[in-house]
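Please build the complex by placing chain B on the supplied structure of chain A, with the hints as guidance.
Protein chains: 2
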Amino acid sequence: MLQKMTTNTDAIMQIEPIGTIQTPYDEKFAVPRQPGLADTPATIRFSGDYNQMDCFRGIEQFSHLWLIFQFHQAVERGWKPLVRPPRLGGNDKLGVFATRSSHRPNGLGMSVVALQALESVDGKPMLKVCGTDLVNGTPIIDIKPYIPYADAIDNAHGGFAHTPPATELAVNYTPEAQQQLSQHSEEFRRLVHQVLAQDPRPAYQKQASSARIYGVSLQGMNVRWQVVDGQVLVLDLNDRREISS
Amino acid sequence: MLQKMTTNTDAIMQIEPIGTIQTPYDEKFAVPRQPGLADTPATIRFSGDYNQMDCFRGIEQFSHLWLIFQFHQAVERGWKPLVRPPRLGGNDKLGVFATRSSHRPNGLGMSVVALQALESVDGKPMLKVCGTDLVNGTPIIDIKPYIPYADAIDNAHGGFAHTPPATELAVNYTPEAQQQLSQHSEEFRRLVHQVLAQDPRPAYQKQASSARIYGVSLQGMNVRWQVVDGQVLVLDLNDRREISS
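Just so you know, the sequences run in chain order A and B. Going by full-length UniProt numbering, 36 is the number at position 36 of the first sequence; the sequence numbering is gapless. Going by full-length UniProt numbering, 25 is the number at position 25 of the second sequence; the sequence numbering is gapless.
Hints should not be assumed to be uniformly reliable.
Which copy is meant is left open, so a pair is good if it fits within one copy or across any two.
Derived EDC-like pairs: lysine to aspartate or glutamate, alpha-carbon spacing no greater than 20 angstroms straight-line [said to hold, decoys possible]: (1) K206 / D92; (2) K128 / E186; (3) K93 / D54; (4) K93 / D49; (5) K93 / E60; (6) K80 / D49; (7) K206 / E168; (8) K128 / D54; (9) K80 / E16.
Hints were generated in silico from the structure; no laboratory data involved. Here the structure is a predicted model, which means the values were calculated and not measured.
Excised from the complex, chain A in its bound form (with noise of 0.2 angstroms):
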C-alpha cells in the first residue's frame, strides 16, 4: 500500500485550482498512456478571480499549451519513492523523480495540449484544447504557453520511455456493439476506437491469455470489451447513469 509520509510543515505552500477540465475520460483507465490521441477534444472552464478574458488575452497566439494540474485522484492515496512504470512491463522498480507516476509528492501533473480556441461565453473565457490525457474534472494549476525555443529540446534522450509506445491493436465489435455505436455521434465512435486500440489493460496483464472482461467509462458511457487472440472486440455498451439509478 502507498503511504502518507511526513511533511516538512515550515515550508508547505498553498496553491489553489484556477479552473477544471472537461475531458471523455470518466476514469484514470481509459486515458491513453501516449498523447497520440490529439483529436480527443477538451473544455477549460475557470473559477473566481482567474474567469475573466483578460487573464488569457494574446494566447491564440501560441499553437500549444502546458496544463499543469493535480492528479486528484491519485493525490490521497500518497507517495512511494519506487515505483513500476508501466512501460518496464510493471517489473522494474524506478524512482518517482525518474517517473511521471501520478503517486507522486505534490502530486502535481503537466502535460501539453493543442490549443484550439479562446471562447468568450457571457463574457467568460472557455478554452478549448486536444490532444488532453486527462481525467475529467481535473483540476487545473496553472497554463502556461508552449514556447518552441525553450520547451522543444530536439536532442533529449528518453530513457526508458523516449519512443511512443508501440501497442496498438485491432478493434472488432460485436453486432450488439455495432448497432449501439451507431447511436452515438462519430465522434464518440473514434473515442472508443482509439482508447480501445490503446489497450488500456495493466501491463501484467498483457502477457497473460485470459477472457477477462473489461469495462472502461467514456463520456459516461461504461464500455465492455475484452482482448481475443490480440485484437479488442468490443462487447456491448450502457449509460452508467442508467445502470445506477
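Coordinates of chain B only, in the frame set by chain A:
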C-alpha cells in the same frame, strides 16, 4: 501595484518543496531570459522524505529533466490578469496565462534542464544539472523526466516568443575589472560574460542611451557594468559579503 486577490478557499491544496536549487544567480536580474547558457551549473539538494537515493533510481537514463519550482521572490507580490512581457518591449499587455511571467497565480514555474549527474553524498542524493535559469535558493516542487515524444512538439508555434531573443552584446572590460576577474575561476569569468552578453537591462531601458551603471550579483560578487555604444563595459567587481560586513 500588484494586488492580492480573493481566493477560493474550498479548493486550497497544500504542497511543499522537495528540495532547493543552488545556482550562481543571486537575484532575478542576473537570470538569463533564455535557456541558452547551457553550461551554467547548478546543484539540487533534497529535504525530508525526498532526501533518499531511491526516489531518483534510474533518473540517469534521461538527458533532460523538468523542474517545477516556486517563483519564491515573486510570490509575495501577487499577480494581475494582465502583464507586460519584456519580449514585447514592455509596452503591450498580455493575459498572465499567455505568458511565462513569474507574477502568476500559484507562483509555479517550470523549466527544462540538462541532467549532468546523480551523485550520492553521504548516502543522500544530489542532482547536478546545467542550463538552469533559476535564482539561487529557489524551492523545487517536483522533478519529472523530459519525455521527447510527448514534450518536444515539432510543429508548435510560439507566438511573440517563437524564436530566442536575438540580442547578444559584445562584452568589454576595464583594466580594473580584468585584473579582478583574473583572480577568479575560468567558470566564473565565463558566467559573467554570458550573463552580461544577454543584456539583462529591462526592456524599457534598452532603447534609451544612458550612462547608467548597473550591478548584478553572481555567486556573491557584485559585478558593476554599463552599456557604452551598444556594448557592455564591465567596470569592476566587489565581494558583497565584504561590503555588507
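Within a copy, between copies, both or neither: where do K128 and D54 come within 20 angstroms Cα-Cα?
Within one copy only: 17 angstroms inside, 39 angstroms across.
Check K80 against D49 for me: Cα-Cα at most 20 angstroms, and say if that holds within a copy, between copies, both or neither.
between (35 angstroms within a copy, 10 angstroms between copies)
With identical chains treated as interchangeable, where does the CA-CA distance between K93 and D54 reach 20 angstroms or less: within a copy, between copies, both, or neither?
Between copies only: 9 angstroms across, 45 angstroms inside.
Within, between, both or neither, where K80 and E16 count as close if Cα-Cα is 20 angstroms or less:
between (24 angstroms within a copy, 16 angstroms between copies)
Homo-oligomer pair classification [D49, K93; C-alpha up to 20 angstroms]:
between (42 angstroms within a copy, 18 angstroms between copies)
Which holds for K128 with E186 at a C-alpha limit of 20 angstroms: within a copy, between copies, both or neither?
within (19 angstroms within a copy, 50 angstroms between copies)
How would you label the pair K93, E60 (within, between, both, or neither) given a Cα cut-off of 20 angstroms?
Classified as between; 14 angstroms across copies, 41 angstroms inside a copy.
My question is about K206 and D92: at a cut-off of 20 angstroms on alpha-carbon distance, are they close within one copy, between copies, both, or neither?
Within. Shortest intra-copy distance 16 angstroms satisfies the 20 angstroms Cα cut-off; inter-copy 54 angstroms does not.
Cα distance capped at 20 angstroms. Does K206 pair with E168 within a copy, between copies, both, or neither?
Close inside one copy (12 angstroms), not across copies (54 angstroms); limit 20 angstroms.
The structure agrees with every numbered hint stated previously.
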